[in-house]
Amino acid sequence: MTAIGVLGGGPWGVSLARAARHAGSEVTLCTRRDHPALPGVRVTPSMRVLAEARLLVVAVPSSSVRAVARELGDFLDGGHVLVHGIRGLSSAAGGGTVAGAAPTPTSADDIVTISQVLREETPVRRIGALGGPVQASELNDGRPSAMVVGSEFPEVVAAVKRAFAAEWLKIEGTSDLRGLEWASALVGCLSIGVGFAAHIGATPGLLAALASRGVDEAAGIARAAGADPQTLYGLGGYGDLLASIVLAERPEVVLGRALARGAPLEAAQAEAALRIEAVTLVPRILRFAELRRTEHAIFTALAEILNGSQAEATLRRLFD
Amino acid sequence: MADEYPIFRFNAEREAIVEETVRRVLASTRDTLFALNDAAYHEARRLDGSRKPKDLAELEEWRRLARRLGRMSELERRDKLREIVEGYGWDVAGNFDPRVYRFSTSLVPSLVTGLLAPRKLATLVRDPRKLFGFDALAEKFLIDGEVDLARKLAARGTVVFVPTHSSNMDSIVFGHALDRADLPPATYGAGKNLFTNPVLAFFMRNLGAYRVDRRLRHKLYKDVLKAYSCVLIERGYHSLFFPGGTRSRSGGIERHLKLGLAGTGIEAYARTLLAGHERRVYFVPATINYLITLEAETLIRDYLSEAGKARYIIEDDESSRPGRMARFVSKLLGHSGAVHIRFGAALDPYGNGVDEHGVSHDHRGRPVDPASYLRDLDGEVALNPAREMQYTRQLGEELAVAYRRNAVAMATHIVAAAAFGALRRAAGTDDLFAVLRMRDQVTLSRDELAREVLGVKDRLLELEKRGEAAVSSEARRMSGGDLVEQAIQAFRGYHTSPVIQPREDGLALSDTNLLFYYQNRLAVHGVGWDPTAQGEPRPRTAAA
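Residue numbers (the numbering used here), protein chains in the order written: chain A, 1 to 320; chain B, 1 to 544.
Some hints here could point you the wrong way.
To be verified - Here's a subset of chain B near chain A, in silico, CB distances under 8 Å, partners left out:
hint : residue
1    : R46
2    : V359
3    : P370
4    : Y373
5    : E388
6    : Q390
7    : Q394
8    : F433
Unchecked claim - Some chain B residues flagged as far from chain A (calculated, every beta-carbon gap over 12 Å):
hint : residue
9    : R14
10   : R271
11   : S360
12   : H361
13   : H363
14   : V368
15   : L374
16   : D376
17   : N384
18   : R387
19   : R393
20   : E448
Hints in this document: simulated from the structure, not taken from any laboratory.
Ideal placement from N, C-alpha and C gives every residue a C-beta, glycine not left out.
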C-alpha cells in the first residue's frame, strides 16, 4: 500500500486526498484550515507528520508555494518524491539562480515553473506535476476522468499511478515535466476565453477555431520556455482544453462567462468560487510572449477580456 | 603525502580493475546475440572502405562473426563476448609511472617542448628545469577559486574534476594545474587519436590516462568504458572528465552538458553504499581560460561550416602541427596570466553544494544526506539507472551555472566582444553571416574601440558583483586602451591572419571569424552577441 501525503486543505487538496484514499492508499492530509469529514484520512496540521510519507502532493495556491515549500523543506530529504497539482507558474526568487531556469539570463519576465520552485526550496530532486482535464468535483464523485502526471523520473510517474490507481481514473504519464506545467497554466488561461466566447454565442465551429489557434499559440510559448511543444497537443494541453468546452462548471469557464456578461473581475472571480491562477497569469504570459517574440494574438485578447474590454470588439479580434 | 595519492596504487590494481570491468559488462549483457550483432554491425560499417590492411583483416573478422552468430550456441557467444570485452578492457586501461609523473609535473612547458622535439626528451628527463625557469611559469598560469575546498574533499572522498573544454592543451594544462595547486593527479579518458603522437602517448599512458576510441560507436564498447570509469571512481581514483564531450567549437562556454562518462560518478557512489563502505563523490567544476586558443581557427571554421553537426573528431588541426604549437607556446609564455584556471565550488552528485567537511547542503543551505537520493519509496538503497540518468542531467545543469559564474573574461574576449558589437552595428543586421562577411570593412579609432571595450568591461564587472561572471584581475586593472593593446599583441604573431590590424586611419577589424570566436566566450553572459539565443536566428551553413 502506498503512503501518500497531501499538503493543502483547499477543495483541490481535499479531493486529491479523497481520491488517493479511494484508490486504497494510506493518506495523510496536512492542513491548518477547516475541512469536510474525510473518513480513513489522517489529518494533521504538522508538516513533520506529513513528511513521514515519502510521496507528497502539494496543492496550495502558486502565490504561497514558495513559502510553503521552504517550510516543508525542513522535514524532507533526498528520499522524498514531491509532486504538485498547481495549475500555475511562479516567479524567480530575488537574486537566487537555480540551474534549469531560463537558459540564458535575459531581462525577460521572471516566470519559473512550480517544479523549479520546489527544487530551489527543498532538498528533493524527484519532482513531478499533475495536470490534465480532471476536476475536483469529478474526483469527489468518482466520475470517470483523466489525469496526467509529468516527471523526468519514471519512478515518480509510477508512484503517482500506483497511489491514485482507480478504475474510473485514467492516468497518463509524460517525461516532459516542464511542458506539462506550462500546458496546465496556458490551458487554464485559454479556458477563460472558451467560457467568454461560448457566452457571447460563438458557434461550435468558431469555438473549435479558437481552441486550435489557442493551442498553437500556447505551443509556441511553451517552446520558448524550453518545453516540448508536442506536449501541448496531448492530454495535458489540447485534451484539457477540449474538456473545458464541455465542462460548464470548470472555474475558468465560469469566470469567462461572467466576464462576457459584463461582470467586473472581482464579481466574476467570486462566481467561479475557486481561486483561478489564470487571472494573474495572463498578463505575465503575454509579456513573456512579447519578449520572446512568439505569437500572442489570443493572449492579447485574453488580457483585454480580463481588463473588461468591449466583448464584441474583442471577439472580432479573436477570430480575425 | 603525494605518494599516498590513489593513482600511485594503479599498477598494482590494474589487473583487478580490468577484471572487475569485464565481469560487470558480461554480467549486465543479457542478450549476447544483440550485443555481438550490434558490435559487428557498427564495426563493419566503420571499417568498410578503409584501405589499411589491418582494418581489412579486422573487417573480415567481424563479417565472419556476423555470419556465424545465428548458428553459435549461447555458450559460444558468451565466450566470444568475453574475448571481445577483455580485448577492449585491456585496450582502455592505462598505466601510471610515478617517475614520469614526477618528471612531467615538474614543468608543463618542458612537456610541451618535449612534444615538439621528441629527441630533447632525454635531456629533459635529466633536468627539466633547464629550459624554462620555474618562476617564469608561475605568472603565466593563474590558479584560483575553491582550491582549498577541493583539496580537503580529495582527502575525504573521490573527486571528479569537470572543467570546461576548448583545446587539446586542456588535459596537459589542467594536469599541471592540479599539481601546482597541490591537488592529487586525476585519471582521465583521452581520445585514442591523441595517442598517435608518440610523445603525447608516452605521457598519457604513464600518467594514468586511459584510452577512449571515439570511432567505436557500439553499445558494448560504451559499456566497457562506463564500467571501467565507474570501477576507478569506486576505488577512489580521482578522475577528470570534460563534460562538454568535445572541445567547444564556437569558443563559447558549454551550456548543455551531456556528462557522458562523468555520469558514472553517481553509480560509483551508489555501489560503495551498497557494498557497505560509503565513499562520497565530489564533482569539482573548473574553467580553463586562455588568452589565445591554440586551435581557434580550426574550431570556429568547423563551427561555422557545420554549425550544429560538428565533425566529432578533428584529426588535423593546429595541435598536430609542431610549428603552430611552438608559436602558441612562445606566444602564451609572452603574456602574464595567459592561462587562468578557476575552480568552482564542489557539488555532490545531485548538484548540492558541499562544505569542507564533505557535508552536502541543498539550495537553502540545509544539510542533506546524499545517500537519501538513492532510496526508493520503500526506503531501500538501490541502483536505478533511469533515475541516475536524470540526476546526472540535473547535475549538468548545475555545472553549466558554475561555468557561467567562473568563466574568466580576458582582454581578448572583452576586446572581441566590443569589436564584434561594432561590426554588427555597421552591418545593420542580425544575420550572423552578413556580419561575418564584413572582413576589413570596419575601421575604428583606438579611442573609439577603447571606449567600447570599457563599456563591455563595465557590464561584466556589474555581473561580477552579483556573482554571475568573473573578470581577470589583469583586465580589471587595465584601461580600455591597454586592453586593446594587449589583445592586439596576443592575436598578432599567433594567428595566421591579422585579427585587428593597426592602420593609418585606425584599427581595422580584419578576421571576423576569430573575433566571433573570442567574443563567444562572453555570449553566455549576454555581453557578447549570442546568435544561438532564443529569438535570434541560429547559425546556418554559410551561403558563400
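Legend entry - Status of the E388(B) interface restraint (C-beta, 8 Å, chain A): At 10 Å from the nearest chain A Cβ, E388(B) fails the 8 Å test, so the hint is violated.
Inset, instruction - Please confirm whether V368(B) is truly not at the interface, meaning its C-beta sits more than 12 Å away from all C-beta atoms of chain A. - result: At about 4 Å from chain A, V368(B) fails to clear the 12 Å cut-off, so the statement is violated.
Legend entry - Verdict on R14(B) as a residue remote from chain A, using beta-carbon distances over 12 Å: 35 Å, holds
Inset, instruction - May I ask you to check that R387(B) keeps its beta-carbon over 12 Å from the closest beta-carbon of chain A? - result: 6 Å, violated
Inset, instruction - With chain A as the partner, please determine if P370(B) meets the hint condition of a C-beta pair closer than 8 Å. - result: 7 Å, holds
Inset, instruction - Classify the label on S360(B) as holds or violated, using whether its beta-carbon is more than 12 Å from each beta-carbon of chain A. - result: Violated, since 8 Å does not exceed 12 Å.
Legend entry - 12 Å cut-off, C-beta based - H361(B) kept clear of every residue in chain A: 9 Å, violated
Inset, instruction - With a cut-off of 8 Å on the beta carbons, see whether V359(B) makes it to chain A. - result: Result: violated, 12 Å to nearest chain A Cβ.
Legend entry - Whether E448(B) stays farther than 12 Å from all C-beta atoms of chain A, as the label says: Since the minimum Cβ distance to chain A is about 27 Å, E448(B) lies beyond 12 Å and the statement holds.
Legend entry - Outside-interface status for H363(B) - nearest CB in chain A farther than 12 Å: 5 Å, violated
Inset, instruction - Test the statement that N384(B) is away from the interface with chain A: the closest C-beta pair must be farther apart than 12 Å. - result: 7 Å, violated
Legend entry - Beyond 12 Å from each Cβ of chain A, as asserted for R393(B): 7 Å, violated
Of the numbered hints given earlier, the model fails hints 1, 2, 5, 8, 11, 12, 13, 14, 15, 16, 17, 18, 19; all others are met.
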